[in-house]
Every structure is written in structure tokens, then in C-alpha cells.
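Peer 1: Residue numbers (the numbering used here), protein chains in the order written: chain A, 1 to 357; chain B, 1 to 357; chain C, 1 to 357; chain D, 1 to 357.
Any given hint might turn out to be false.
Identical copies go unnamed one by one, so any copy, or any two together, can satisfy a pair.
[To be verified] List time: in silico DSS-like cross-link candidates among lysine-lysine, alpha-carbon distance up to 27 Å:
hint : residue 1 : residue 2
1    : K268      : K175
2    : K200      : K75
3    : K352      : K75
4    : K175      : K352
5    : K268      : K200
6    : K66       : K200
7    : K273      : K316
Simulated from the structure, these hints should not be mistaken for lab results.
Number of protein chains: 4
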Amino acid sequence: MAGNSIGTLFKLSTFGESHGEAIGGVIDGCPSGIEISIEQIQNELDRRRPGQSNLTTQRKEGDLVKILSGVFEGKTTGTPIGFIIQNQDAKSKDYSQIKDVYRPSHADKVYNNKYGFRDYRGGGRSSARETATRVVGGAIARQALSHLNVDVWAYVSAVGEIEVNNHYTNLDSQKIESSLVRCPDAVTAQKMIERIEQVKKAGDSIGGIITCVIQNAPVGLGEPVFDKLHADLGKAMLSINAVKGFEIGSGFSSSRMLGSEHNDLFNKDGSTKTNNSGGIQGGISNGEDIVMRIAFKPVATIMKDQPSINAYGEEKVLLAKGRHDPCVVPRAVPIVEAMALLTILDHYLRNKTSRIV
Amino acid sequence: MAGNSIGTLFKLSTFGESHGEAIGGVIDGCPSGIEISIEQIQNELDRRRPGQSNLTTQRKEGDLVKILSGVFEGKTTGTPIGFIIQNQDAKSKDYSQIKDVYRPSHADKVYNNKYGFRDYRGGGRSSARETATRVVGGAIARQALSHLNVDVWAYVSAVGEIEVNNHYTNLDSQKIESSLVRCPDAVTAQKMIERIEQVKKAGDSIGGIITCVIQNAPVGLGEPVFDKLHADLGKAMLSINAVKGFEIGSGFSSSRMLGSEHNDLFNKDGSTKTNNSGGIQGGISNGEDIVMRIAFKPVATIMKDQPSINAYGEEKVLLAKGRHDPCVVPRAVPIVEAMALLTILDHYLRNKTSRIV
Amino acid sequence: MAGNSIGTLFKLSTFGESHGEAIGGVIDGCPSGIEISIEQIQNELDRRRPGQSNLTTQRKEGDLVKILSGVFEGKTTGTPIGFIIQNQDAKSKDYSQIKDVYRPSHADKVYNNKYGFRDYRGGGRSSARETATRVVGGAIARQALSHLNVDVWAYVSAVGEIEVNNHYTNLDSQKIESSLVRCPDAVTAQKMIERIEQVKKAGDSIGGIITCVIQNAPVGLGEPVFDKLHADLGKAMLSINAVKGFEIGSGFSSSRMLGSEHNDLFNKDGSTKTNNSGGIQGGISNGEDIVMRIAFKPVATIMKDQPSINAYGEEKVLLAKGRHDPCVVPRAVPIVEAMALLTILDHYLRNKTSRIV
Amino acid sequence: MAGNSIGTLFKLSTFGESHGEAIGGVIDGCPSGIEISIEQIQNELDRRRPGQSNLTTQRKEGDLVKILSGVFEGKTTGTPIGFIIQNQDAKSKDYSQIKDVYRPSHADKVYNNKYGFRDYRGGGRSSARETATRVVGGAIARQALSHLNVDVWAYVSAVGEIEVNNHYTNLDSQKIESSLVRCPDAVTAQKMIERIEQVKKAGDSIGGIITCVIQNAPVGLGEPVFDKLHADLGKAMLSINAVKGFEIGSGFSSSRMLGSEHNDLFNKDGSTKTNNSGGIQGGISNGEDIVMRIAFKPVATIMKDQPSINAYGEEKVLLAKGRHDPCVVPRAVPIVEAMALLTILDHYLRNKTSRIV
């Protein structure tokens with residue numbers, strides 16, 4: 001039990017069901033003296049919000065965050081930061097179908113198996129709605145890291161079979177937000193948009209990949225042997241709904257390489273000529289860019305009737321109904337960034353005690 | 001700091017450098033009443049040990065585990081299990097080269113950056129030698145899980161570009177150990193062996209992939225939203241030396257699929273017709289096989305001279321020297337199994353408190 | 001950092017400043033299936049609330065708790081329980097004095113030392129107002145434990161030099177709440193009331209002792225060697241504002257006893273003839289009543305002018321002003337109970353994994 | 001489960017039964033660069049060792065500590081420090097009595113209740129022998145803290161009814177070790193010795209009190225609201241075998257005081273004129289001496305026959321037999337110091353992240 005906290009020193013604990021009263025969280029261990037812009041937090045939340053374009057679900061949530069504690073006269077005080085986001089678009093729904101029939105590849109059945117029953121409204125705790133609280137945490141972490149000049153950004157590098165072929169170093173991170181699919185490569189972005197519209201029309205959903213880059217992270221972050229930096233980043237990413245795979249640096253392609261190809265030789269200044277390591281060696285950041293790829297499955301909710309069963313083992317048809325995102329990946333970009341920010345700040349604080357002086 | 005423990009309730013804390021006095025660990029939270037066979041623990045250790053064949057490094061370590069506490073009259077007592085493995089083959093070495101010159105894609109430089117200095121002998125704490133202690137922990141977890149009928153096995157599914165094309169359900173797990181490369185598909189295994197010999201002759205190293213299968217895991221394991229079962233499995237695997245990627249179920253291939261293809265439809269008994277989910281939905285085990293793929297890079301130590309630098313920023317040549325594994329993946333199979341076993345047992349215990357009655 | 005959570009499996013994380021927007025918390029790890037009465041939670045809060053009688057501060061807070069998640073159709077779902085209590089009586093105060101002058105024996109100066117600055121309004125995070133969130137957590141724990149028949153109650157056993165001389169087994173726990181000072185011994189209670197009124201009139205404050213009794217706790221709770229049940233109870237109690245001492249069973253008086261007097265001899269049924277151990281032996285509950293005594297210092301806020309200094313090292317007079325409790329002990333009774341309840345439930349859950357079968 | 005670790009950042013995990021192969025531990029999170037004297041560690045162990053005088057048990061253990069990892073060329077490396085102490089005086093005993101008959105006020109019965117069975121040899125895990133591993137941890141912490149000028153010392157302030165009447169500031173800490181009972185007040189020490197000899201002759205045991213003083217601790221240690229410095233100190237002390245009570249500063253006597261007496265008024269330099277707070281206000285160290293009193297009950301093993309029962313509920317007589325300490329308090333002094341040192345170092349490291357800059 002008790003799996004709703006992440007981080008060791010900068011610890012985010014979250015709560016909330018999709019259609020309950022509110023979602024929210026507590027950040028404990030936030031150092032004092034960080035200037036907090038509520039506007040920036042809200043801005044990150046708006047990036048995740050449903051209804052941003054007609055590519056995404058039309059659920060309209062204000063998703064207004066309210067900070068309840070831990071910030072005084074614009075700065076963190078060192079005491080826990082409590083926050084909530086009211087649920088607004090959640091009233092008077094008809095949940096009779098979702099209550100009775102298990103949605104395929106959703107968490108409905110396993111929640112029932114584990115806990116005996118569940119808050120079925122809108123998917124309850126298993127809904128991706130909880131990721132809004134991660135974005136709040138990440139936005140605060142971003143402000144803490146900004147004085148260190150650490151930069152974290154992510155983009156959609158694949159939708160279905162459509163992939164960005166450019167290396168990230170050839171892309172302009174400033175062009176991500178202006179893209180409807182958060183892909184800075186305009187030509188590929190257009191293809192992605194068309195693919196998603198096609199899938200939407202078919203009442204289906206499609207998967208994708210997000211690439212995340214962390215720049216200017218301090219050298220020395222990561223706590224071997226178990227809390228290696230990429231192990232904690234991997235866990236953070238794999239905890240996001242719909243994620244099925246994680247790679248650091250050369251990732252799966254490294255399995256097909258030779259050591260003489262893969263080894264990152266040093267420049268005289270200690271930097272490396274290549275970065276197959278993805279910015280992390282032996283579990284510790286080495287000052288190069290930290291580069292990850294995160295694979296998302298197609299979301300399970302589709303606008304097609306599906307055969308299923310109910311809690312009594314009876315065969316039922318789950319009717320296509322309601323709203324959904326045909327491709328969740330563009331909206332997942334700020335969530336991926338948030339998980340990276342939370343992890344980096346936590347390890348930054350952990351690393352403060354690596355030497356006695 | 002303090003990153004050398006894994007697990008919440010079944011907690012393994014390890015210590016030890018490659019060429020120090022001994023390596024070992026403490027398992028805290030092991031329930032009482034588990035029958036322990038030292039022979040089985042030793043057997044797992046022998047599977048990981050160097051020098052098993054001429055495909056692996058010739059370092060010969062007895063790797064004899066000694067249990068110091070927590071087991072009485074053949075059963076666990078509920079108190080912590082302390083254990084050590086003496087380092088034997090570690091005396092009177094000449095470390096002058098490794099002391100002075102940073103090995104490319106090793107942890108030498110980052111350890112110096114982080115801690116100010118390091119125990120450079122044999123790689124110190126960053127050596128894969130520490131994984132022997134994980135195997136001990138996993139062997140004890142295996143015995144704890146055996147009464148639940150949980151079965152965990154892994155095999156080499158790729159060496160470089162040579163991949164097993166058969167689905168795991170068509171393979172015979174009993175044939176893994178008799179294979180020199182721990183690949184149960186005899187034809188592919190032979191190709192892998194030839195590839196490794198070729199790489200060895202060239203003084204190089206090569207990467208690979210391990211597939212791990214967990215069968216008969218109870219339904220309900222996993223603690224959303226952060227400690228999802230596959231997130232903890234992913235972290236456990238990514239913490240193993242040389243791992244660069246992790247997939248659960250459909251993994252990266254899911255990013256190219258449609259929801260209508262990917263969704264696992266239910267059978268009437270609640271099982272699923274397909275298993276793209278890889279045995280975990282919403283972060284909770286659903287009773288299907290849990291299937292993972294873990295990517296290993298080629299090990300960084302190669303038998304070729306490499307240009308490098310030393311701690312003073314001087315350019316130096318790192319001479320090819322010593323012993324090494326041209327492909328670490330066959331020996332990593334018991335390590336992958338150990339990490340899976342540790343994670344499953346920990347979550348089995350955690351799940352014991354999911355309901356009040 | 002990150003010291004605002006308590007519990008391992010049943011984990012309460014709290015937030016909130018005295019005069020901020022709201023206080024609240026998240027309970028993670030609460031098992032599913034517990035019937036929750038909001039009324040009972042509110043009732044516990046009302047026991048802690050200021051303004052209950054003219055013996056206590058006249059600050060009037062509705063202290064209405066709002067549960068935001070984790071409870072569905074009257075029962076816990078196994079997901080985190082988020083809750084908040086709005087701060088109402090906190091507007092438009094004049095904090096100029098407390099802002100500038102350090103209050104003696106308060107946390108003003110050390111918060112400034114530690115964090116660089118502080119939310120000085122009403123004492124900020126260091127105010128005892130945060131204990132309201134503990135009471136919410138304890139009230140939920142009480143409902144979880146009620147099906148196990150565990151009973152936790154506490155009473156004021158001393159105010160200043162006025163002590164209850166009766167052993168707790170001779171007292172009627174049903175008479176605690178009807179007493180203005182939460183002392184079930186009517187004669188002593190009357191003396192306590194008179195003493196507090198006298199102290200109040202003098203503008204002073206006075207300390208006291210609370211005795212807490214846990215009945216019907218299951219045998220086997222406590223996790224040696226560090227997380228002994230009374231060690232965790234002690235920490236829980238010592239974390240309450242103004243607590244300076246903790247005793248289990250015979251406590252300090254045991255230091256004056258002989259082993260032959262102190263040893264609790266067994267009855268044939270395994271119970272003990274005496275209970276000097278206070279219900280815990282070797283750190284594990286033995287089925288006897290768990291009995292603790294908790295010492296509270298007189299609260300630091302008094303209605304007398306006091307010499308002090310400000311943040312600039314200048315000597316200032318802190319003027320007597322505002323409202324205060326002359327004796328905090330009666331209102332601390334539900335807080336003590338809450339900490340006992342949180343600890344016992346956490347250890348009850350932890351103990352569920354002590355044996356493999 | 002998993003209660004054998006203490007500390008958050010400087011984390012000691014221990015293992016070992018009284019008469020098993022060895023006891024030991026792992027220290028994870030020790031910063032790099034601390035100079036370690038094995039001799040000083042051994043010296044602390046020797047202070048705890050049985051057989052120091054004829055006032056203590058005659059069990060003769062070399063108690064030689066062996067460091068297995070984490071120290072290289074005389075300094076900590078930042079990697080975990082593994083250590084063991086072989087059990088020597090544990091062979092070929094006759095445990096038939098202790099195996100069958102529950103010793104009153106020992107942990108025999110509760111261990112059986114909790115775990116189903118136990119390693120009964122010499123008390124197994126519940127024996128005070130495990131405290132030797134705490135002393136090792138404390139000795140390393142002492143060396144880490146020495147560069148900060150932090151000084152931790154303790155002494156026996158009461159044996160039975162015989163108490164030191166001098167305030168600690170009037171005592172010479174240099175005279176503690178030369179005293180057979182670790183009491184620096186020579187006259188009182190002599191009375192204590194006589195009392196213990198008398199008790200020993202009677203085959204009985206007697207309790208006592210240890211006072212512990214921490215000097216020069218940095219300002220700002222402690223993490224409210226739950227991990228207040230004195231709450232963690234209290235837990236650490238209460239986890240020592242035989243401890244029944246804990247006080248910080250004015251302790252239980254504060255319950256009889258008025259606020260106007262108890263408040264510690266400031267000097268102009270920010271120090272306080274009195275120290276009723278015991279060096280901690282609001283859970284945070286304020287730079288004054290941290291002063292604690294810890295009450296020990298008389299040890300349960302006495303040289304008198306005692307009526308008891310066995311595991312089958314049969315009445316049995318437990319015969320007086322073997323060796324024992326009539327008063328454990330003098331030997332507990334280094335254990336108390338160790339727990340203080342572990343706690344202070346852990347909080348020193350935790351406090352390193354209280355501010356962002």
C-alpha cells in the first residue's frame with residue numbers, strides 16, 4: 001500500500017479521483033526561498049488540459065490550481081505545499097455502463113480484484129486525470145531548478161508509424177508549443193495531425209513516443225546501486241498512464257551495437273564525443289544531455305463497440321460512447337516533463353549530502 | 001544518498017566493492033517460516049558466476065554465500081538475514097592503469113566527480129560484482145514465492161542483431177540452462193554463440209536483450225499511482241549495470257498500434273484473449289503472464305586500445321588488458337530473474353494490506 | 001527535509017499554516033472497505049477545537065473537515081484520502097509584533113534560522129493548529145480499528161502539581177468527556193479547574209500530563225529492533241507541540257525498581273499478573289493494556305509582558321496580547337489519542353506480513 | 001516488517017542474533033571523505049563490551065569489528081559501509097531451559113506469538129547483543145561529526161534511588177570513563193557501586209537513568225512537524241532494550257511549571273538565559289546544549305528462581321542460572337551516545353536541503 005508518493009527528499013503525495021470532489025497533493029521537502037509564480041504553474045496545467053484542440057477530448061476543465069500552504073509572500077517557506085484542483089465537469093453523469101461492464105485494457109477489473117470495489121465514476125483513481133497533480137509538482141520543481149539553469153523539454157517524436165527522423169539536436173525546442181501535436185518538426189507534425197484525424201474518424205486510438213531531453217543537469221546526480229538516475233527516471237515515466245516502454249540514451253538499439261561503437265570517448269575537457277550513454281554513466285549524470293524515449297500505447301477507450309464482460313462474468317457489449325483522446329501523446333508532453341523535473345530536483349537534493357564537506 | 005536498498009517491505013540493502021574484503025547484504029522484512037535451502041541460493045549464484053564457459057570472463061570466484069542470521073533450523077525467523085560473499089580473486093593486482101586513466105563509458109569519472117575520489121580497484125562499487133548480492137536476495141525471494149506457485153524465468157532473446165523469433169509461449173523454459181547462452185531456441189542459440197566468439201576474437205563486446213516471464217503471479221499486485229507494478233519492475237531492471245531499455249508487454253511496438261488492435265478483450269472467465277498489457281493493467285497484475293524485455297548495451301570493457309583522459313585532463317591511451325565478458329547477457333539472466341523476484345515478493349507483501357478484512 | 005509524514009503503511013502527510021488558506025492532509029495506504037462516518041471525524045475535531053469552554057482560547061474555528069477523495073458510497077476505496085479544513089478566523093490581523101519580535105520558547109527564531117524567513121502569521125506551520133489534521137487521521141484510524149475491537153482513550157492525569165492518584169483501572173473512561181478538563185476523577189478535576197482559572201487570572205500558563213490507554217490491541221504489533229511499538233508511540237507523542245517527556249508502563253519509576261519487583265510474571269493463560277511492561281515487551285505488544293504517560297510543558301504564550309529580542313538582535317518587549325490557552329492539556333487529549341490510533345493501525349498493517357502463511 | 005533500519009539519509013541497517021554466526025550492519029548514505037579510525041570504533045565497542053568489571057556480566061566477547069566495504073585508504077568513499085562482528089562465546093550451550101520456558105518480562109513469548117517460532121539461543125534477536133552494531137554506527141557518526149565540533153557524551157545519573165544531584169554543567173565529562181559506573185560524580189558513583197554490589201549479591205537487578213548531552217550541534221536541525229529533532233531522539237532512545245522513559249530538557253518536571261517560569265528568555269546574542277527547552281524549540285535545535293534523560297528498567301534476567309509458563313501453557317519454574325548484568329546502565333552509556341550520534345548526523349544531512357541556496 002501507500003504508493004501515492006514519489007521522491008525521497010522532494011516528495012509529492014497525491015490524491016483524487018476523476019469525478020470526485022477535487023484532486024490535489026502535498027509537496028514535502030521543498031527547500032525554502034524558491035520564487036513561485038502561480039501563473040507558470042497554471043500555464044503548465046493548461047498545457048495538459050483536455051479540450052486544447054479538436055484533436056483532444058472535449059472535456060472542459062478549468063483545472064485551476066489553488067496553493068493552500070507553504071508559499072508566503074511569493075516564496076516557498078520550506079514547509080509543505082498543499083494544493084487542490086477542483087473537479088468541475090463531473091456532475092450528474094450516467095455511469096451505468098462503466099459501472100457494470102469492464103472496459104477492455106482499463107483498470108476496472110483489477111481495481112475490483114484488488115480492493116473489492118471501486119469508485120467507477122470516470123475511471124476513479126485510475127483515470128489519467130491524476131496526472132494534473134504531477135504537472136503541478138513538476139511546475140514547482142521547474143522553478144526550483146531554474147536558478148541552476150537546468151532545462152527540461154519534451155516533444156512527440158512518433159505517432160503510430162510516423163516518426164521524426166531528425167536527431168533532437170537538430171530540432172528547435174521553441175517550436176514545440178506552437179505545434180498542435182507538440183512536434184517541432186513541421187513536416188512530420190503535419191503527417192501526425194493527419195494520422196490522428198484519420199484515426200479519430202475511425203473511432204479508434206493510436207500510440208506514440210515522446211522524447212525528453214534534460215539539459216544542464218549538474219554532474220553527479222544519481223545514487224547507485226539501486227537509485228541510479230535513469231532507474232528513477234524510468235520508474236517515474238513508467239508510472240504515467242499508458243506508458244509501456246522506456247529507453248535511456250541508445251536504449252534498445254544498444255543491444256545491437258558493439259562496445260567499440262557504443263563507448264563514448266572523452267574530449268580533453270571531460271565531455272564525451274558521443275552520447276550513447278544518454279547523459280548517465282554508472283547511474284550518475286555526467287553533464288551531457290540526458291535523453292530518454294517513452295513509449296505510449298493507444299488509449300484503451302475507443303469509439304467502437306467492444307465485446308466484454310461484467311463483474312458477474314456475463315458477456316456484455318461495451319458501447320462506443322462519450323469523449324476521448326484519439327492520441328494522448330501530445331497532451332502527455334507536459335506530464336513527461338513533470339516527471340523528469342520531479343526526479344531531477346529530488347536527486348539534486350539527494351546529491352547535496354554526497355560529501356561531508 | 002542512501003540508494004543501496006530496494007524494496008519497501010521485503011528490503012534488500014547491499015554493500016561491497018569488487019576488490020574489497022567482501023560483498024554482502026541485509027534482507028529486512030522477510031516473513032518468518034520460509035524454508036531456506038542454502039544449496040538453492042548457491043545454485044543461483046553459480047549461474048551468475050564468471051568463468052562458466054569460455055564465452056565469459058575467466059575470473060574465478062568461488063562466490064560462496066554465507067548466511068549470518070535470520071535463518072534458524074532451516075527456516076526464516078522474521079529477523080533480518082545478513083549474508084556475505086568473500087572476495088577471493090582480488091589480491092595483488094596492478095591497478096595503476098585503471099587508477100589513472102578513465103575508462104570510456106565506465107563510471108570512473110562520475111564517481112570521482114560525485115564523491116571526490118573512489119576505490120578504483122576492479123571498478124569498486126560500480127563493478128557488476130555487486131549483482132551477486134541481488135542474486136542472493138532473489139534466491140531467497142524465490143523460495144518465499146514458491147509456496148504460492150509463482151514462477152519466474154528469463155532467457156536471452158537477442159545477442160546483437162540475432163534475435164529469437166519464436167514467441168516465449170513456444171519456448172521450453174527447461175532448455176534455458178543447458179544452453180551456453182541461456183537461449184532455449186537451439187538454432188538461434190548456436191548463432192548467438194558464433195556471434196559472441198567472433199566478437200571475442202575481435203577484442204570487442206556486444207549487447208543483447210533478455211526476456212523475463214513471471215507466471216502465476218497473484219492478481220492485485222501493484223500500488224498505483226506511482227508504485228505501479230511495472231514501474232517498480234522497470235526501476236529494478238534499469239538499476240542493473242548496462243541496462244538501457246525496458247519494455248512491458250507490447251512495449252515500444254504499442255506506439256505503432258491502434259487501440260482496437262491493442263485492447264485485450266476478456267474471456268468469460270475474466271482472463272484476456274491477448275496479452276498486450278503484459279500481465280499488468282493500470283499498474284496492477286491481472287493474472288496473465290507478466291512479460292518484460294530488458295535491453296543491455298555492450299559492456300564498456302573491450303580488448304582494444306582506446307584513447308582517453310586521466311583525472312588531470314591529460315590525454316592517455318587506455319590499453320587493452322585483462323579479462324572481460326564479450327557478451328554479458330547470458331550471465332545477466334539470473335540477475336534479471338532476481339530483480340523480478342525481489343519486486344514481486346515485495347508487492348505480494350504490500351498487497352496484503354489492500355483490504356481491511 | 002520532508003518531515004511532514006508519519007507512518008509506514010498507513011501514512012499521513014499533512015500541510016498547512018495557522019493563518020494560511022487551509023490546512024489538510026493525505027492519508028495513503030488506508031485499506032479499502034472501512035466504513036467512514038464523517039460525523040465521527042467531525043466529532044473528534046470538535047473535541048480539539050478552541051473555544052470549547054472559558055478555560056480555553058476563544059478563537060472560534062468551525063474546523064469543518066471536507067473529505068475530497070478515497071471514500072465512495074461511505075467506504076474507503078483503498079486510494080488516498082485527501083482532506084482539508086479551511087482556516088476561517090484568520091483574516092486582517094495585526095501581526096506586526098509577532099513579525100518583529102521573537103516570542104520566548106516559541107519556534108519563531110529557529111524557523112528563521114533554518115529557513116531564512118517564515119510565515120509569521122499566527123505562528124505559521126509551528127502553530128498547534130496543524131494538530132487538527134492529526135485528529136482527522138486518527139479519527140479515520142479509529143474507524144479502521146473499531147472492527148478489531150481496539151479501544152484507545154486518554155485523560156488528563158495531572159495539571160501542574162495536581163495529579164490523579166487513582167490507577168487508570170479504577171477510573172471510568174465514560175466520564176472523561178463530561179469533564180471540563182477531561183479528567184474522569186471528579187474531585188481532582190475540580191481542583192484542576194480551579195488551578196487553571198487561577199493561572200489564567202494571573203495571565204500565566206501551566207503544564208500537565210496525559211495518560212493514554214490502548215485496550216485490546218492485537219498481540220504481535222511492533223517491529224524490532226528500531227521500530228519497537230513503544231519507540232514509534234514515543235516518537236508520535238513527542239512530535240506533538242509542547243510535549244517534553246514520554247513514559248511507557250513503569251516509565252521513569254522503573255529506574256528505581258528491582259528486577260524481582262518489576263518482572264511481570266505470567267498467568268497460566270499467558271497474560272501477566274502485573275503490567276509494568278505497559279503492554280509491550282521486547283518492542284512487541286503482548287495483549288495487556290498499553291499504558292503511556294505524556295508530559296506537556298506550559299504553553300509559551302502568556303498574558304504577561306516579556307523581554308525579548310528581534311531578528312536584528314535588538315532588545316524588545318513582547319507585549320501580553322491576544323488569546324491563549326492557560327492550559328493546553330485538556331484539548332490535547334484527542335491529539336494524543338489520534339497519535340496512538342495512527343501508530344497502532346500502522347503497526348497492525350505492518351504486522352500482516354510477519355509470517356509467510 | 002522491516003524495522004531494522006534507522007535514519008533517513010544516514011541509514012543504519014543491522015542484523016544478527018545473540019548466538020548466531022555474526023552480527024553486523026550496513027551504513028548507507030555515509031558521505032565521502034570522512035577519515036575513519038578503526039581503533040576509535042573498536043574503542044567504543046570495548047566500552048559496551050561485557051566483562052569490563054565484576055559489576056557486569058562475565059561473558060567475554062572480543063567484539064572485534066571488521067569493516068568490509070565503503071572505506072578506502074582510510075576514508076569513507078560514499079558507498080555503503082558493511083561490517084560484521086563475529087560471535088565467539090556462543091558455542092555448545094545448553095539452551096533447553098530457555099527454549100522451553102518463557103522468561104518473565106523478556107521477549108520470548110511475544111516473538112513466538114508474532115513469528116510462530118524463534119531462535120531462542122541467548123535471546124536471539126531480542127538480546128541486547130544487537131546494540132553492538134549500533135555502537136559501530138555511532139562511532140562512525142562521531143567521526144563524521146567531529147569536524148563540525150559536535151560533542152556527544154552521556155553518564156549514569158541514577159542507579160535505583162541513588163541520583164546525581166549536581167547539574168550536568170557542574171560535572172566533568174572527562175571523569176566518566178574512569179568511573180566503574182560511568183558516573184563523573186565520585187561520591188555518588190561510590191554509592192552506586194555499593195548499591196549494585198548489594199543487588200548482585202541478592203541475585204537481583206536494578207534500574208537507572210542515563211543523562212545525555214549534545215554540545216555544539218548546529219542550529220536548525222529537526223524536521224517538523226513529525227520528525228522533530230527530539231521526537232527522533234526519543235524514538236532512537238526508546239528503541240534501546242530496557243528503556244521505559246525519555247525526557248528532553250525540563251521533561252516531566254515541566255508539567256508542574258508555569259509558563260512564566262519555563263520560558264527561556266533570550267540574551268541579546270540570541271542564546272537563551274535558561275535552557276528548559278533542552279536545546280530544541282519547535283522541534284529544531286537552537287544552539288543550546290541538547291539535554292536528555294533516559295530511564296532504564298532493571299534487566300529481566302535475575303539470579304532467582306521465578307515461576308513461569310512454557311509454550312504449552314504449563315506452569316514451570318525458571319531456574320536462576322547463567323551470567324547477567326545486575327545493572328545494565330553503565331554499559332548502556334556508549335549505546336545512548338551512539339543513538340544520539342546517529343540521529344544528529346542524520347538530521348545534519350537532512351538539514352542540508354532546507355534552503356534552495
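Peer 1: Against which earlier hints does the structure fall short, listed by number upward?
Peer 2: 1, 2, 4, 5, 6
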